[in-house]
Amino acid sequence: MRGAPREETDRSSGRLQSDENDNAIVYLSNLLNKELHIHITDGRMFVGALKCTDKYRNIILSCAHEYRSPSRAAVEKAATESSDGQNVTVDMTGRFVGLVTIPGEHITKVEVED
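At position 19 of the sequence shown the residue is numbered 46 (the working numbering), and the sequence of numbers has no breaks.
One or more hints might be untrue.
List time: in silico DSBU-like cross-link candidates among lysine-lysine, alpha-carbon distance up to 35 Å [as the list claims (entries may be wrong)]:
id, residue 1, residue 2
1, LYS136, LYS82
2, LYS61, LYS78
3, LYS136, LYS61
4, LYS136, LYS104
5, LYS78, LYS136
6, LYS61, LYS82
Read the hints as simulated data drawn from the structure, not as lab findings. These numbers were taken from a predicted model, which means no experiment stands behind them.
Given these sequences and hints, build the entire structure.
Quick look at the structure:
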């Protein structure tokens, strides 16, 4: 029947699938080419435009930059150079990486830049 909600049973898990898959596809399609901030398990953050993803949650970003937390030595150096030893601000280090694939198993947080 046309127009009726799709309902299928996933053979591997026995779960009922419905319009949720369609909603997910529409949601992800709306994120294409939007700027994302992807945080990964080792503390790095990637910022770039979403190009694609897959069922394993791998994400490909274009025009991406990689940011790392400052090293302990950089923080200690800034603290010794600071007149106020209590409040020290050290910028993250960054570099342009271009097109990057981020494995889904390492992604901890995804943010959409408005």
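For each hint, the structure was consulted:
no., hint, verdict
1, LYS136 - LYS82, "holds, 17 Å"
2, LYS61 - LYS78, "holds, 9 Å"
3, LYS136 - LYS61, "holds, 16 Å"
4, LYS136 - LYS104, "holds, 30 Å"
5, LYS78 - LYS136, "holds, 17 Å"
6, LYS61 - LYS82, "holds, 19 Å"
Checked against the numbered hints given earlier, this structure breaks none of them.
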